[in-house]
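*Asks:* Kindly produce the complete structure, drawing on both the sequences and the hints.
The residues making up each chain are set out below.
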Amino acid sequence: MATVSLPLGDAPSAPRPRLRVSDYLRWSVDHKIIGVQYMVTAFFFFIVGGALAMLIRWELLTPTMDVVANGSQYNTLFSVHGLVMIFLWIIPMMAGFGNYLVPLMLGAKDMAFPWLNAFAFWLIPPAGVLMIASWLVGPPEAGWTQYPPLSTLFSGDGQTLAALSVHLLGISSILGAINFIVTILNMRPEGMSIWQIPLFCWAILATSIIIVMATPFLAGALTLLILDRIAGTTFFDATRGGDVLLWQNVFWFYSHPAVYIMVLPGMGILSDVLSVHSRKPIFGYKMIALSSMAIAIVGFTVWAHHMFTSIQPELRIPFMITSMIIAVPTGIKIFSWLGTLWGGKIRFTTAMLFSLGFLSMFVIGGITGVMLAMVPFNIHVHDTYFVVAHLHFVLFGGAVFAIYSGVYHWFPKITGRMLDERWGRLHFVLTYIGFFFTFFPMHFAGMLGMPRRVAVYMPEFQGLNTVASLGSFVLGISTFILVYNAIASLRAGKLAGANPWRALTLEWATSSPPPATNFIGDPVLFDDPYGFGTPAASDYLNAIDRRFGAPEPGAPAAPRPAAPAAPQPAVGD
Amino acid sequence: MQQDLSGSLSREEQLALKNRRTGMAIFQISWIMVFVCLVMVNYLVRGNQVSWPPPGVAKPEAALPTLSTLVLIASGFLVRRATRAVREDRLPEFLSGWRWALALGGIFVIVMTYEWLAIPFSGQYSNMFRVMVGFHAVHALAIGVYMIQVQRGARAGVYHARHFWPVEAGASLWYFVIVAWILFYLVLYWL
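Read top to bottom, the protein sequences are chains V and C.
Per our numbering, the first sequence starts with residue 6, numbered consecutively.
Per our numbering, the second sequence starts with residue 53, numbered consecutively.
No wet-lab data here; the hints were simulated from the structure.
Hints are not guaranteed to be accurate.
[Unchecked claim] Sample of chain C residues facing chain V (criterion: CB under 10 Å; computed from the structure):
| hint | residue |
| --- | --- |
| 1 | 76 |
| 2 | 82 |
| 3 | 97 |
| 4 | 103 |
| 5 | 106 |
| 6 | 110 |
| 7 | 111 |
| 8 | 165 |
[As the list claims (entries may be wrong)] Cross-link-like lysine to any residue pairs, in silico, SDA-like; alpha carbons within 20 Å at most:
| hint | chain 1 | residue 1 | chain 2 | residue 2 |
| --- | --- | --- | --- | --- |
| 9 | V | 114 | V | 565 |
| 10 | C | 111 | C | 96 |
| 11 | C | 111 | C | 67 |
| 12 | V | 285 | V | 192 |
| 13 | V | 114 | C | 68 |
| 14 | V | 285 | V | 201 |
| 15 | C | 111 | V | 336 |
| 16 | C | 70 | C | 224 |
| 17 | V | 114 | C | 96 |
| 18 | V | 291 | V | 190 |
| 19 | C | 70 | V | 193 |
| 20 | C | 70 | C | 170 |
| 21 | C | 70 | V | 190 |
| 22 | C | 70 | V | 115 |
| 23 | V | 114 | V | 364 |
| 24 | C | 70 | V | 246 |
| 25 | V | 291 | V | 246 |
| 26 | V | 114 | C | 173 |
| 27 | C | 111 | C | 200 |
| 28 | V | 114 | C | 182 |
| 29 | V | 114 | C | 63 |
| 30 | V | 114 | V | 190 |
| 31 | C | 70 | V | 565 |
| 32 | V | 114 | C | 224 |
| 33 | V | 285 | V | 353 |
| 34 | C | 70 | V | 195 |
| 35 | V | 114 | C | 70 |
| 36 | V | 114 | C | 67 |
| 37 | V | 291 | V | 533 |
| 38 | C | 70 | V | 194 |
| 39 | C | 70 | V | 350 |
| 40 | V | 350 | V | 565 |
Quick caveat: nothing in here was measured; it's all calculated off a predicted structure.
Every residue, glycine too, gets a C-beta built ideally from N, C-alpha and C.
*Replies:* See below:
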C-alpha cells in the first residue's frame, strides 16, 4: 500500500545545531528547545516528588511515627508529593514530548503559535516556585484532591498558594493544548491525511481535547476554593449553608478526565514504540486512534465513581456502568498492541522493555480500576491502600513507564546520541522490580483495611509495608541510573545518525538533532507511518541513512541490511 | 470564521490567519466551560436549598439587567460591523463603530457593577450572584481594555485590509463576553 518516495539526493550542508545549556535557560520560541525545557523541568520536579515519596515510605517502614514529628507533617508530605507528581511532572512531561515531537512528526517547522508555546512553558517555573513556597507559609495538608473542609479549615496559607500554582499550571496546560489541536488540524503537510498521522499525534489530539474541555472546570473549582479561603465566601462551608460535595463534583469532573490526560500520551508513545521495535505495522490503526477519542468522550461521564460513598445511592449504578464501559476502548488498545507484537521481530531494546512493562503493569492498574468501578467492592476498599495501589499502577506503571520508554526511544533524536543500553536494561530491571514490590503489596494492605494517608498503622500491616518501602528505595535508586545514563551518553554516547531505530515517521527523516527549521527543504513523507516489512519501506529507510547519516558502528541501533547501497529489500524491515 | 481567506494574503499569511481563527475558536469553546462550570455550581448550590432564592431572600429586579443585556448585545452588532469595515479599509467607520461599542460595553459594566454592589448579603444566594457577575465582569473589563488598545492602534493607522487580526481577535473575545453573559443572565434572573 505504500508507494516508493525516496528522500534522495546528497545531504545538504546544514549546520549541525550545537546544544548549549544556555539556550535552554532563556526564552525561546523553538518547539524543540521548549520541549526539552518542559522535559527537564518536569524531571526536576519528578526528583522533588520522588524525594517526598521516599520520606513517606521511610515513615511507613514501621507502624509508629518515627520520621515525621506529627500527623500534619505527614499530611504535607503526601499532599505535596501528589500535587507535584501530577501537575508538575506527568502533565508537563507529556507536554514536553508533544512539543518536541508533534511538529516534527507532521513535517512542520514549528507549532502553530510558537510564542504562545513558550509562554505556556514559562508559566510552569513560577507555578513550581509557588508550589514549593506553599511549604514555607503553612503547608497544604489536604492531599492532591484538596477536599474541603480539609483544604479550607485545616490547612495553612500554603493551600492557597498551592491552589494558585495549580491554577497557573491549568492555564499553561490549556494554552498548550490549543496549540496542539491547531497544529495537528492545520499544519499537516500536503498528502498527509488525518489517518496518516502517527498515533502519538492522535493521542496528543485526544489529550488536548480533554484538556481544553475539562481543565476550565478545575479553574472554576479552584477559583471558588481560593474565594472561600481568602474572600469569605462559604461555598464549601457546611456550617454556613455550603456543601463539601460541591467541590468533589466539580473537582472530579476535571480530575477524572485528567487521568486520561496523563495516560493517553503514554499510550501514543506505546503505539509508536511497539510497532517500530517489533518491525510490524501497527495492528488496528484506526481503532487505536478512535479509541483515544472514545476515552476522551466517555471520560467525562465517569467522575462520580470517586464519590460512591458520598453521592446519592441511586446515582451509583449509572456511574458504575459508565466506569466499566470506559475499560472497553482501553481494552481495544491493549489487544491492538498485542496484535502488533504477535509474530513481530521483537527487539528487546530498553524502549521496548519499558513499553512491555507498561503493558503488563497498566493491565493490572486497569483491572483494579474495573474492580473499583464495582460499587460493593469500591465501598469496601474506599480510601484504603487499594486505591493507592491502583492509581500508582496506572500513573507509574502506566504514564511513567511510557515516559521512560519515550525517553529511550527519542533521546537519540533529541540529542544525536544513543543512551547506553546496558545501563538502560539495568534501569528497566530495577524500575520494574522496585515498582512492582512497592505497589503490589498495597493491594493486600488495602483489602485488609489499611486506610490511606496515615502515618501510623496497625502492627499487622508491617510486613506488607516493609516490602513496599524496600521496593520504593530500589525504585528511587533506579531513577538515578537514568540520570547517570543520560549525562554519560550526552558526553560520550554513540552517535545516533538520523534514524537509529529505522522508524518510518517523519521525525526520523531529518538529522539528529534536527536543524532549527526541522527540515532542510520539504520533508519526504512515507505514506504509511507504520508500513514496515515492505521493499518500499526498506528503500526509504536506506535512503534516509544515506542522506542524513547512519548510526555509528556499535551503536545499539536497529540492524542495517548487509549492503546498504544495494536496493535489495531487507528482511529485517 | 466563515469569511473566505481573501486573495490579497500570501500563503503563509493565510495559514497564520487560519491557525489563529481555529485557535480562537478552540479557546472560546474551552474557556466558556469555566462559565458552564459556574452554572453547574449554581445548580448544585440550589439543590441544597428548599427554594431558590432561599426563603426570605428577594430575587433581584430583572429590569435594569435586561436593559444592560440588550445594550451588550447591541454592542456586539456594532463590533461586527466595525470589524467588517476595517477589513474593507473603511477606517473612519471602524473607529466610530468600535467607539460606540466600547461605550455600550462600558455602560453594561457600570450597570452590572451597580447590581453587584446593590445585592444585599444573604449567604449562598448573594455569594453565588456576586461570584458569577464578578467573574464575568472581570472578563468584560480585561477584554474591554484590550479593545481600547485596538482602538488606539486603529487611530494610529495600524490596521487595514491585510492586517486586521488584532481587531478580529478583539471582536471574537467580545462575542465570547456576550455569549457568556447571556448564559449567566438566563441562569441568574430567569431560570
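*Asks:* Indicate, hint by hint, whether the structure satisfies it.
*Replies:* Verification of the supplied hints:
1. Interface hint status for residue 76 of chain C: upheld, as the beta-carbon distance to the closest one in chain V is roughly 9 Å, under 10 Å.
2. With its C-beta approaching chain V no nearer than about 4 Å, residue 82 of chain C sits inside the 10 Å limit, and its interface hint holds.
3. A hinted interface residue such as residue 97 of chain C counts as satisfied when its beta carbon comes closer than 10 Å to some beta carbon of chain V; here the least separation is about 7 Å, so the hint holds.
4. Of the supplied interface hints, the one on residue 103 of chain C is violated, with its beta-carbon coming no nearer than about 13 Å to a beta-carbon of chain V, more than 10 Å.
5. Interface restraint check for residue 106 of chain C: the shortest CB-CB distance to chain V comes to about 8 Å, inside 10 Å, so the restraint holds.
6. Taking 10 Å as the C-beta contact cut-off toward chain V, the hint placing residue 110 of chain C at the interface is violated, the least distance being around 17 Å.
7. Hint status for residue 111 of chain C: violated, given a least beta-carbon distance of 17 Å to chain V, over 10 Å.
8. At about 17 Å, the closest approach between the beta carbon of residue 165 of chain C and any beta carbon in chain V exceeds 10 Å, and the interface hint on this residue is violated.
9. Using a Cα cut-off of 20 Å, the hinted pair residue 114 of chain V and residue 565 of chain V is violated, with the two alpha carbons roughly 29 Å apart.
10. Proposed proximity of residue 111 of chain C and residue 96 of chain C is supported: the alpha carbons are some 18 Å apart, at most 20 Å.
11. Annotation: proposed proximity of residue 111 of chain C to residue 67 of chain C is violated, straight-line Cα distance about 50 Å (limit 20 Å).
12. Distance check on the hinted pair: residue 285 of chain V and residue 192 of chain V sit about 28 Å apart at the alpha-carbon level, beyond 20 Å; violated.
13. Taking the CA atoms of residue 114 of chain V and residue 68 of chain C, the gap is near 13 Å; set against the 20 Å cutoff, the hint holds.
14. With a C-alpha separation of about 16 Å, the suggested pairing of residue 285 of chain V with residue 201 of chain V holds against the 20 Å cut-off.
15. The suggested pairing of residue 111 of chain C with residue 336 of chain V is violated, with an alpha-carbon distance near 51 Å, which exceeds 20 Å.
16. The suggested pairing of residue 70 of chain C with residue 224 of chain C holds, with an alpha-carbon distance near 14 Å, which does not exceed 20 Å.
17. Distance hint between residue 114 of chain V and residue 96 of chain C is unfulfilled; the C-alpha atoms sit about 47 Å from each other, more than 20 Å.
18. Distance hint between residue 291 of chain V and residue 190 of chain V is fulfilled; the C-alpha atoms sit about 17 Å from each other, no more than 20 Å.
19. With a CA separation close to 13 Å, the supplied pair residue 70 of chain C and residue 193 of chain V stays within the 20 Å bound.
20. Between residue 70 of chain C and residue 170 of chain C the alpha-carbon distance is near 44 Å, which puts this suggested pair outside the 20 Å criterion.
21. This hinted pair checks out: residue 70 of chain C and residue 190 of chain V have alpha carbons roughly 10 Å apart, not beyond 20 Å.
22. Proposed proximity of residue 70 of chain C and residue 115 of chain V is supported: the alpha carbons are some 15 Å apart, at most 20 Å.
23. In summary, the hint linking residue 114 of chain V to residue 364 of chain V is not supported, as the alpha carbons are separated by about 33 Å, beyond the 20 Å threshold.
24. Taken as a hint, the residue 70 of chain C and residue 246 of chain V pair is broken in the structure, with Cα atoms around 48 Å apart against an allowance of 20 Å.
25. Note on residue 291 of chain V and residue 246 of chain V: the hinted pairing is violated, with a Cα-Cα distance of about 50 Å set against a maximum of 20 Å.
26. Of the supplied pair hints, the one linking residue 114 of chain V and residue 173 of chain C is violated, its CA atoms being roughly 56 Å apart against a limit of 20 Å.
27. For the proposed pair residue 111 of chain C and residue 200 of chain C, the alpha carbon gap of about 34 Å is over 20 Å, so the pair is violated.
28. Taking the CA atoms of residue 114 of chain V and residue 182 of chain C, the gap is near 46 Å; set against the 20 Å cutoff, the hint is violated.
29. At most 20 Å may separate the alpha-carbon atoms for a hinted pair to count; residue 114 of chain V and residue 63 of chain C meet this at roughly 15 Å.
30. A C-alpha spacing of about 15 Å is found between residue 114 of chain V and residue 190 of chain V, which places the hinted pair at or below 20 Å, so the restraint holds.
31. For the hint linking residue 70 of chain C to residue 565 of chain V, the alpha-carbon distance of about 43 Å lies beyond 20 Å, and the restraint is violated.
32. Distance check on the hinted pair: residue 114 of chain V and residue 224 of chain C sit about 28 Å apart at the alpha-carbon level, beyond 20 Å; violated.
33. With a C-alpha separation of about 14 Å, the suggested pairing of residue 285 of chain V with residue 353 of chain V holds against the 20 Å cut-off.
34. Note on residue 70 of chain C and residue 195 of chain V: the hinted pairing holds, with a Cα-Cα distance of about 16 Å set against a maximum of 20 Å.
35. Restraint check: the Cα-Cα separation between residue 114 of chain V and residue 70 of chain C comes to about 16 Å, which is no more than 20 Å; the hinted pair holds.
36. Of the supplied pair hints, the one linking residue 114 of chain V and residue 67 of chain C holds, its CA atoms being roughly 13 Å apart against a limit of 20 Å.
37. Taken as a hint, the residue 291 of chain V and residue 533 of chain V pair is honoured in the structure, with Cα atoms around 13 Å apart against an allowance of 20 Å.
38. Simply put, residue 70 of chain C and residue 194 of chain V have alpha-carbon atoms about 15 Å apart, close enough for the 20 Å limit, and the pair holds.
39. Of the pairs offered as hints, the one joining residue 70 of chain C and residue 350 of chain V is violated, with about 43 Å between alpha carbons and a cut-off of 20 Å exceeded.
40. At most 20 Å may separate the alpha-carbon atoms for a hinted pair to count; residue 350 of chain V and residue 565 of chain V meet this at roughly 14 Å.
Checked against the numbered hints above, the structure violates hints 4, 6, 7, 8, 9, 11, 12, 15, 17, 20, 23, 24, 25, 26, 27, 28, 31, 32 and 39; every other hint is satisfied.
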